[in-house]
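Engineer: This is what each chain is made of:
2 protein chains.
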Amino acid sequence: MSVSVDDVGRLVPTISAELVSELRDAVGAHAVYVERVKVDEFKDAYWIPGDETYAASAVVQPATTEEVQAIVRIVNLHGVPLWPHSQGRNLGHGGPSPRVRGSIQLGFQRMNRVLEIDEELAYAVVEPGVTWQDLHDEVAARGLDLLTPCPDLGWGSIIGNSMDNGHTYQHYGADYMMPTGFEVVLPDGELLRTGQGAIPGSTSWHTYKRSLGPSLDPLFVQSNLGIVTRMGVWLKRRPPAYAPVTLVVDDDGDLEAAIDTIRELRLAGHLEGVPAVYSTLRAAHMIRDNPVPPGPAPFTPDELKRIGAETGMGAWAVRTAAWGDTELVAYKLRQIEAAWLAIPSGRFEVPRVYEASEYDGLTGSAAQIGIGIPTLKALESTPPNIAHVDVSPVVPLRGSEVRIVVEELRRQFAAARMNFGTGIMVTGERSAVVIAGIRYDKTDEAVARAAFELGRRIVLALGRLGYGDGRPHLEFMDLAAEQHSFNDHAYRRFVERIKDAIDPNGVLSPGRHGIWPSAYRGAPDAETPSDGII
Amino acid sequence: MSVSVDDVGRLVPTISAELVSELRDAVGAHAVYVERVKVDEFKDAYWIPGDETYAASAVVQPATTEEVQAIVRIVNLHGVPLWPHSQGRNLGHGGPSPRVRGSIQLGFQRMNRVLEIDEELAYAVVEPGVTWQDLHDEVAARGLDLLTPCPDLGWGSIIGNSMDNGHTYQHYGADYMMPTGFEVVLPDGELLRTGQGAIPGSTSWHTYKRSLGPSLDPLFVQSNLGIVTRMGVWLKRRPPAYAPVTLVVDDDGDLEAAIDTIRELRLAGHLEGVPAVYSTLRAAHMIRDNPVPPGPAPFTPDELKRIGAETGMGAWAVRTAAWGDTELVAYKLRQIEAAWLAIPSGRFEVPRVYEASEYDGLTGSAAQIGIGIPTLKALESTPPNIAHVDVSPVVPLRGSEVRIVVEELRRQFAAARMNFGTGIMVTGERSAVVIAGIRYDKTDEAVARAAFELGRRIVLALGRLGYGDGRPHLEFMDLAAEQHSFNDHAYRRFVERIKDAIDPNGVLSPGRHGIWPSAYRGAPDAETPSDGII
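Chains as they are written, first to last, in my numbering: chain Y, 1 to 534; chain Z, 1 to 534.
Check each hint, because a few of them may be wrong.
[Claimed, not checked] Which residues of chain Y face chain Z? A partial, calculated answer using Cβ under 7 Å: (1) 110; (2) 114; (3) 200; (4) 204; (5) 212; (6) 292; (7) 293; (8) 297; (9) 399; (10) 431.
[As the list claims (entries may be wrong)] Beyond 10 Å from chain Y on every Cβ pair, some chain Z residues (computed): (11) 30; (12) 101; (13) 204; (14) 333; (15) 351; (16) 512.
Hint data in this document are derived by calculation from the structure and do not stem from the laboratory.
By construction, the Cβ of each residue, glycine as well, lies at the ideal position given by its N, Cα and C atoms.
Could you build all of it, start to finish, from the sequences and the hints given here?
Structural biologist: Following this line, the structure appears as structure tokens:
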């Protein structure tokens, strides 16, 4: 790589004409972009304006697994880092941008086939470019009686989201249940199939989570050890009955009781999937599709109370659902209601129980997401200049610990004079991810910088309390990894040994989540290899 | 290592006096055994009599993680392989015996502390020597309202079973749900904590399954990449109501319908945990605690039909359960009954619904296991000369595919003139493990050899059909791994690269599940390193 001056006078990374030519030979000229204006289309739309820290040198879009293998072999010969993305959304975490400036972006937009849907066993197999919306539409087009999962925004890639430890809200959203059985292009271009996929002709590949010997799927998640080009996705049958559920506590003092109640309902099976507990402002946006316009200064506690009353979202509101047949849904709703109304300021809101013929007519993102209908409403209801950066500490599902984290977040937001907002994702029966969603005007460089500075302070403060960021933005990856320091970073040193063994040239996603190949580890600036390639 | 002649004239592997002395310095003389009679206590009780293929040279029993680290460092200096076991049960898979003759056995019988029980978050943390019975008793002694899991025999180690991909029958028995958060001694003696455990002071270690970066827990299961010395175990609250359930089909022709019905009940959440579907003879043993004495020759189909009628176990019988409050259990039983009675020869048997105060008084292994009360009944009801060796093919949970595997097993058993028997473990919503349980008289060398020969033929025949053995016996590990041959054994070659990077001396469990360190791979006999150490 080298650096050149672009049309508007910026110093931008570029790759050699020889490398461009080899990539074009491999995937076709139409699938390799080096023109700055085109490469910039693959920038993180939420990053600080004018800051080129995460600028890429080129974009390449393979159409087949064989082309992915060819690309990997080419970048190995040239020693240029490669950073894959799927659809490249990943908003709040760095989008498709690479950790190392000048990397080539590998985009999977052209590998977007639904390879298989097994209705009987209720799973699908997808390529990395397949979005939640794509899979939903394919299931609908085939008339299959399956519920497809989704996160808040339906335009993202299923594999991309999974590889970044994103969550979904339906049955398999928790505990790494959804993704099962990978095909992986290794950093040297070799092709690997995980689990039962290693057996030629296996029909169990996407039905069972284990290998004979060490199981590898989770090793390729949030990872720079391979590129997942095919993945199984577990689906559920569409239930005959479904009720979207909103649970509110009006008093902030009831947060502990709310969290503990959710845990007990979750452990008992009365709540499933990933309930989301939103603070007032976030709840108005994510449950009501009606965000509150910010004031000239952060809202005071009294103003927040008033907003909670006016929106009906109280201090905290939970977006969740009940699935089953009509009898089971009625049973679950009675359990949920009884438990929730035992909380002093608890309120319980269920519009009604729907039957399957009504699902497609549902409106409102909360009702739609609960039954797996992808939507873009959370984005459409956001002003175009507003971006966000997320910090995602993992916390045990215990009211007293969630309280510690929430109060630390509040202190940090207040010190930065920003409105506090969080969505507490109940990622299982024992854990939650308390997402600090820092919202800022992305058109104002100083404001954007302040937002990232707040994020950095939160990662550090929570790390000191023992809570780690589970999905850090590019900008916080090293800092977040730094918190995982047990035994002189035994975890990182172990993964580095694997990295060096399987990616000796260090070309695949150097620096992803704090794992750097050996060439970069000795460098004075961790972002460039010690031999000064860039 | 060298070989010497023991008291009865056998050639047995021995280790040097210097190595013995170093081990004794590390853990105390009382915890190192080299006398043949004592080492033989740690032999696989089910192996072929008089065959020393898997004989160990010594046994060492550490009491702390630090002692485990010291042992690992010592064996590295001497280049002698180390093979850990926990309680060393592992019946049907090779017990505690090492793959490589002459290995030192590391036994965890002295590391048997329950380190933590968190009643609120419903998990425990255990050392490798803790048995299912130990954890159950500890929960009972503390008066905690938690249901502890168990497999068929309660004397085994929780960690040991988990590390061998054993299953349990309760809520977290499927899909790798139970074990969460490991402490691992690496092959060089370093100490690693997985997941959130890498954060000093983390309280999330055993509550959340993911790391920042690649997640490692599954990499250490069925593995020779590290020794797990501490593990989280997810528990459930004891339900207020519980019903053991037996489902029978009298006609073998209804097996497909039975499997498909179980899948639908499992997908709908009406069945949970790991239902076990037993063939006639196995059902009499595992559900009724009343094994049928074998005849002079394998039973004919007509005799099996008669036995099915006399025992009430029909052609196939399912051991499962319903958990919840009385209303939910009644609801589930109605769903299960309606679905099962739609099968032409289906019968549904529920003695009654019990409440919590009655659980401790339950008798019969089926009723006890369903509510997590460990038992040894399956062993106690087995004649002392009868052993078994298991082959465990992974099969999609689809009636037509389970049929293919069952018929292949029947052909193989018939050709070997042995009674066919299987337990089909429903290990999730989409998969099953169809365990071929080969039973033989372990006191008769020729009969035992024939049993292992049958096992070998089954591994090979099922591999050709695309079904892999998920938990092979020592004797079949290489053959089972051989079936996972996609892309010139890309899986094995990938794991070998990790193995060589983190265990350069190849001391930890060489050959476990077909993964050999580099020193052994070039050897003419794969069981000895190419430098001829043994």
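Engineer: None of the hints should be skipped; say for each whether it holds.
Structural biologist: Hints, one by one, checked against the model:
Evaluation of the residue 110(Y) hint against chain Z yields a violated restraint, the C-beta minimum of about 23 Å exceeding 7 Å. A cut of 7 Å between beta carbons decides the hint on residue 114(Y): the least distance to chain Z is about 18 Å, and the hint is violated. Taking 7 Å as the C-beta cut-off, the interface hint given for residue 200(Y) holds, the closest approach to chain Z being about 6 Å. Hint status for residue 204(Y): holds, given a least beta-carbon distance of 5 Å to chain Z, under 7 Å.
Contact between residue 212(Y) and chain Z, as hinted, is supported at the beta carbon level, the nearest pair being about 6 Å apart and thus within 7 Å. Evaluation of the residue 292(Y) hint against chain Z yields a violated restraint, the C-beta minimum of about 32 Å exceeding 7 Å. Given hint, residue 293(Y) at the interface with chain Z, is violated; its Cβ is 35 Å from that chain's nearest Cβ, farther than 7 Å. Taking 7 Å as the C-beta cut-off, the interface hint given for residue 297(Y) is violated, the closest approach to chain Z being about 34 Å.
The criterion of a C-beta within 7 Å of any C-beta in chain Z is not met by residue 399(Y), whose closest approach is roughly 10 Å, and the hint is violated. The interface hint given for residue 431(Y) is met, as the beta carbon of that residue sits about 4 Å from the closest beta carbon of chain Z, less than 7 Å. Residue 30(Z), annotated as away from the interface, keeps every beta carbon of chain Y farther than 10 Å; the closest lies near 29 Å. A cut-off of 10 Å between C-beta atoms confirms that residue 101(Z) is not in contact with chain Y; the least separation is 21 Å.
Residue-level check failed: residue 204(Z) sits 5 Å from the nearest beta carbon of chain Y, not beyond 10 Å. Listed as outside the interface, residue 333(Z) is consistent with that label: its C-beta sits roughly 13 Å from the nearest C-beta of chain Y, beyond the 10 Å cut-off. At roughly 23 Å from the closest C-beta of chain Y, the C-beta of residue 351(Z) stays outside 10 Å, upholding its exclusion from the interface. Listed as outside the interface, residue 512(Z) is inconsistent with that label: its C-beta sits roughly 8 Å from the nearest C-beta of chain Y, within the 10 Å cut-off.
When the structure is compared with the earlier hints, violations turn up for hints 1, 2, 6, 7, 8, 9, 13, 16 and for no others.
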